[in-house]
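From just these sequences and the hints, can you work out the full model?
Each chain, letter by letter, is given below.
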Amino acid sequence: MENRVKTFREGAGWSQGELARRLGVSRQTINAVETDKYDPSLPLALRMAKLFAVPVDQLFIDHWDGEASK
Amino acid sequence: MSGVTEQNKMRVMIWRMLGGAVVGAIGTGLFIAFVGKPHMDLENPANMLAIVAGVSYILIGLMVAVGLASPKTGARYLNVEDAEELKEESPKLVPAAVVFILTGIFLLILAMSGTEAAAVVNRETTLITAGACLGGIVIAGWISAKRIDELTRRMGQETAAATFQVTMLLLCVWGALAQLGYVAWLGPLGLLSLVALLQLLASFVIIAQKGMLMPR
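First to last, the protein sequences are chains A and B.
For the first sequence, position 62 matches number 285 in our numbering, and the numbering has no gaps at all.
For the second sequence, position 115 matches number 117 in our numbering, and the numbering has no gaps at all.
Keep in mind that the hints were calculated from the coordinates and are not lab data.
Using N, Cα and C, we set each Cβ at its ideal position, and we do this for glycine too.
Each statement offered as a hint is correct.
Derived list of chain B stretches under chain A, where covered just means 3 residues or more per stretch with a C-beta under 8 Å from a C-beta of chain A:
no., stretch
1, 82-90
2, 145-154
3, 203-215
As structure tokens, then:
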């Protein structure tokens with residue numbers, strides 16, 4: 224799933240380590256999320272959205288088209 | 003990211019993997035030369051499996067331990083961004099390294115033991131050592147499980163699932179052939195070593211599938 228975590232993190236002026244510390248996860252986890260190697264759990268995604276004060280769907284972009292799948 | 007950077011990362015990854023393979027081969031060779039050949043039945047495939055698995059686990063554990071003891075050096079061969087990250091990760095890496103080293107000792111001590119007079123280690127010493135290793139593995143594993151975050155937990159779950167599936171498939175095929183008398187059934191040591199090796203292999207495959215062998 225595509226995400227804009229890096230954009231928001233850099234906008235906040237935080238390093239990966241700083242964001243990891245605030246979220247209580249490892250730097251490796253933040254790096255894996257930012258490089259699309261790992262989709263975070265729902266609780267972590269919600270915490271990220273809360274931290275950046277944006278809706279989850281602005282942070283994580285799902286290209287699934289509900290209409291097309293009908 | 004530029005193509006040149008990607009190429010450099012690929013080069014570093016290949017060198018690291020080659021380095022790991024060379025260290026593993028040298029370690030196994032030395033163990034076979036100094037302990038295996040003089041004291042062990044190397045014609046027994048279970049012993050060979052146990053040596054390969056045991057030495058691999060010990061070397062991986064030692065490489066992590068050395069990296070933690072000297073983070074600047076460790077950051078050059080462990081997949082972290084810098085020495086600081088290695089220090090941050092040490093609470094979960096220390097018990098993981100302990101689990102690896104104890105698993106290796108557990109397999110090697112069993113391979114070196116036996117009821118025969120030529121056994122390197124007698125049965126009673128093996129029982130105590132193997133029991134202590136298992137106790138240590140359970141405690142260190144429990145501590146590690148408490149400290150890891152969701153990414154490592156997910157990787158562990160995927161590794162466990164893959165190991166189980168491959169082990170089941172292999173055992174079903176081997177078991178069926180053994181039942182029909184085509185092959186000899188695995189002894190206890192062979193089975194333990196096989197599962198340990200498959201778990202190691204599965205973890206590398208899962209890490210590689212997620213693109214996490216690539217340097218950051």
